[in-house]
Amino acid sequence: MTAEEYPHKVSRSVRKATDIWCGEGITAEEESSAMKVYRTTVSKKILFIVVCIVAAFVVAGISLGIGAYDIGFFECYEIIWNHLFGDVNDSLRDYIVFEKRLPRILLGLISGAGLAVCGCLMQSMLKNPLADPYTTGISSGAGFGATLAITAGLTIVGGEYSLVVNAFIFALIPMAVIITVSKLKGASPTTMIMAGIAVMYIFNAFSTVMKLMADPDALAQLYAWQVGTLGDASWTEIPLVFAVVLAGSVFIQLFATKINILSTGDDNAKAMGVNVENLRIILLMVSTLVVASIVSFTGLIGFIGMVSPHVARMFVGSDNRFLIPASIMFGASLMIAADTIGRVIIAPAVLEVGVITAFIGGPLFLYLVLSKKKSVW
Amino acid sequence: MRVQFENVNFGYTKNELILHDINMDLEGPGLYCIIGPNGVGKSTLIKCMNKLLKPSSGRVLLDGEDVAELSNKDVAVKIGYVPVSTTDVFAMSVFDTVLIGRANKSKSRWKTSKEDIVKVHQILKALDMEKYAQRGFNELSAGQHQKIAIARGLVQETEILLLDEPTSNLDIKHQLFVTELLHEIAIRKNCMIIMISHNLEIACKYADKVIMMEAPGKIRQVGEVNDVVNHDSLLEVYGVDCDVVLHQGRPAIHYNQEE
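Protein chains in written order, with the working numbering: chain Z, 882 to 1258; chain W, 11 to 269.
I should point out that these hints are in silico values taken from the structure, not numbers from a laboratory.
Values in this document were obtained by computation on a predicted structure and should not be read as measured data.
The hints are all genuine.
Simulated crosslink set (EDC-like; lysine to aspartate or glutamate; CA at most 20 angstroms straight-line):
no., chain 1, residue 1, chain 2, residue 2
1, W, K64, W, E16
2, W, K228, W, E246
3, W, K83, Z, D1147
4, Z, K981, Z, E959
5, Z, K981, Z, E956
6, W, K141, Z, E912
7, W, K124, Z, E910
8, Z, K917, W, E140
9, W, K64, Z, D1147
10, W, K228, W, E175
11, Z, K897, Z, E912
12, W, K141, Z, E910
13, W, K115, Z, E912
14, W, K135, Z, E910
15, W, K117, W, D84
16, Z, K890, W, E211
17, Z, K890, W, E234
18, W, K199, W, E167
19, W, K135, W, E167
20, Z, K1139, W, D98
21, W, K199, Z, E905
22, Z, K1064, Z, D1147
23, Z, K981, Z, D971
24, W, K115, W, D84
25, W, K141, Z, D900
26, W, K64, Z, E1158
27, Z, K1008, W, E149
28, W, K83, Z, E1158
29, W, K135, Z, E912
30, Z, K981, Z, D1113
31, Z, K1139, W, D84
32, Z, K890, Z, D900
The shape of chain W in the complex, shown without the other chains (with noise of 0.2 angstroms):
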């Protein structure tokens, strides 16, 4: 599996580039984490990834194929896609909805295999959420529909996928384990998964790649995460003042109160 990202520009409207010269190659499995300040573009460059966007100009390659030139379909089959928010008006069950990611490995249109029903129920005993199985979606809460969202994400069981900030509601405990788990899956199920995070912290601890965008719309930095978070690139990207040390072979950060 391999991502190319060939001088992507990309914008909403024709005289305001969001990203600008995107150059970038993703390849193997492992869990790569796209940092960067607010309105930077990380969105706009996953929704880039998986046709959601087209490029303003430039390419991107999927196993150095143009994604342009591949149906809906393809690209569906190959990466999948877990959005910022999820809330449903007329809510299924949870399994029901976790379900529904199953829809492009199903042989049936109709009929529910039992692969399809084993696999929702150990993601969802995975992710310590099979005791809400048949509760309406919209009775859980913020943090809950997210585990459900990646669970929805999961069970698509594609070479590529690709989360919006994944844990943004989730406490600490639970964005450790699920940032950890993706991390395991990755390598078990040997699969690349890419997230945004904003939390810099727990992407440091379980990162294979790094990814740093600063502004405007531009990739600082692709590499291993102690070449990528330091004083400086933190300083210079967020502006925020740090001290960057080393804690069990990783970066971890102190914040320094600003004058």
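Just chain Z, with the same shape it has in the complex (with noise of 0.2 angstroms):
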């Protein structure tokens, strides 16, 4: 039989199921009962989205609070709204707050919610579970530009910022191998963490033959660079961090649909019309500028970009229009929370940021692995 010669014999099942696909046969009821089940889905992922954005608030109140001068909750906010319009009644309190403690936790929250996007962005756009900011060798090159900085004195620029500026340009170096290789052998997700697991281990047989030589001061303080910190948190560099995450963010964000098309496979996504090389490229520059300017100001935070996506993904599922936002929410959020931690459980010395996230991320992660209903990865 051929098209000309409809109506033709056909299976019953099959016309029934033809005429569905036609939008016969479905009811008015029926497509607004569909409708509502897609409208709660998608209200579930916001509701978790502002959850997140509340906790941030509650606990950077609590953060702004504690310390050797204890503030209240709400104090702390009137204290900011009295500051931003001008009105400062007690100048003790103000300093204290918004010049020793808001720097630090505004830090927290911009860095926790870049490095949860990168984080995000990398698992997507590679598809692996084990992806972070890091995986593409961030790290190993910022940490050889610190090395590089604190033993030996080598530095790009002088001054006050020669290790940031050390940290932030040696952490575009791995990218820049990657690019070169994926540009000769396509930028397929092996390819890209591959040619960014060589580099790391390039750069850190470096950082290894520099360290060896190092003096012990330097070793200390180089140490204490890599578990990362937000202690060194100043007015300074906050505008200039918040403009490349928020920039950043912005744009991994307008490429949601995209990374979920990406997610059905790079076939399926060139013929969907996607560029799949060219894509994978330009999100991996701005994920590494993003990260690079965050860890050359903090040290090397590990595990927030690494589980909050995945906690984020638990809740919202894997639709990166909803997955994105929520990883920054809740990268914010843990990041000040462990940062709170880290300042009071062994008051008055502080227990750095990295060495907090590792302790509680760690376990809080098994147990969500565990307790997980649905199947997420």
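Join the two chains, each given in its own frame, into one complex according to the hints.
Printed below as a string of structure tokens:
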């Protein structure tokens, strides 16, 4: 039978199925119930994002109040409000909250958000649950830059920001290598991860050689940098890091639908009109810039970038349109929560945030993996 | 809708050609089945149609225009594609997985329109998968994955849909159902559906045209099922001895014991 000989003999089940696909036999009630189901699932995802935003404000408020000089939760926000509108009542409290504590908390929120969005992107883009913002070798590059600055005093620029600039510039080198390899061999996830690991080993070897020759004071300083801290936060760097993280996050969010298509496989994505290889390279560049600018100020804070997207995924699923904002907000909350704990747990001493994220994050993550009901991986 | 191959050669490396001098002209709606032995270049052939692969020489024309000169997006809007295997590391729900197929139809990047939701609902219901809509994609069986991949191809509502072995994991009932459904959709929706199939009986039962390929990467014949599938062609292409008889006006195949 050919197309011209219609109507022809068709199985009843196939006729019925075709009718349904052509929109016959679907009632208006059925359509609205399908809409309702979809809206409910979307509302749940948005609810998680809102909960994370509220959590970030609550944890930030608690964290602002904690310290040698205790200040109440609402008072902290009142002080910030008054400061912003030029109505400072108590200059001591204003100084403590606005100059001493707020920069640290803001840097925590911003870096947590930035690491989480890049971790989310790396996992989705490289299709690897173990991917994090450092998978492509950024950490080793930045680490080598820091090692050069701290142990040998070899810096690209002089002055206060010599270490920061060193870490930033060297963090970009692995990306350059990966892009070159990808251009030659195709930007498949495996190629990118392998190239990243190769660069990581090379940089780590150089760093190790330099550490072996370094004096103990420099080693201690380097070690502190590698663990990662929010303690060096000040108002000077926050606008810069904020601008980079904000621009990067918005950019990544704009590509959410394309990242979704990418998740269906390279061939399918290409067939749907996505330039798979260029997309991976552009996203890698954005992510590297964001992570490098965070890492160069805070050092290598681990775990947030890997665990935040996974936790968010358990609640909102893998649709990147929702997963990206959920990861951002969860990462921001988790970072300042970890930092707050680090500040109180052995007070008056401070346990650096990089240690806390691993201490708390590890068991928490294990618990979530064991208790997850739906298959998200 | 029309797909033409003009002297197309293709090789993954310079020395070894997979497709040899392909010439064919497919026009009009209907179900087209590509049959032929393993490794003969069936998947390669369909990948040349939607620009996933670029021919080493020759041209592929889509409605008279050279595919190589169309943008990826232009091709994507005209030709849908269902690849062989589809497993995701991070699985979305079945509904969201199918919804991705609507990406090129959606007007807004963010908002999922009512039309998109209704279309996804319709195709899932048509394939009897609507009860799994909110389940995770990875929770389903291989056969169900294939139905979802087909659904994602169909919701793209393209003029041409290419399917690479879409029924390989389905049981016999669903192979019959899906193949007949594709044939029916091709006619009702006035589109061209091109599928690769290893099930000759089912291909013979529902295909409007059959494209038979033979080693090394050549088109043996394109035409009506009854003209293409016969004892001699199956023996030469597959090396399988069989009797081909007519059953309800279509070729039915009885395989003979090899000596």
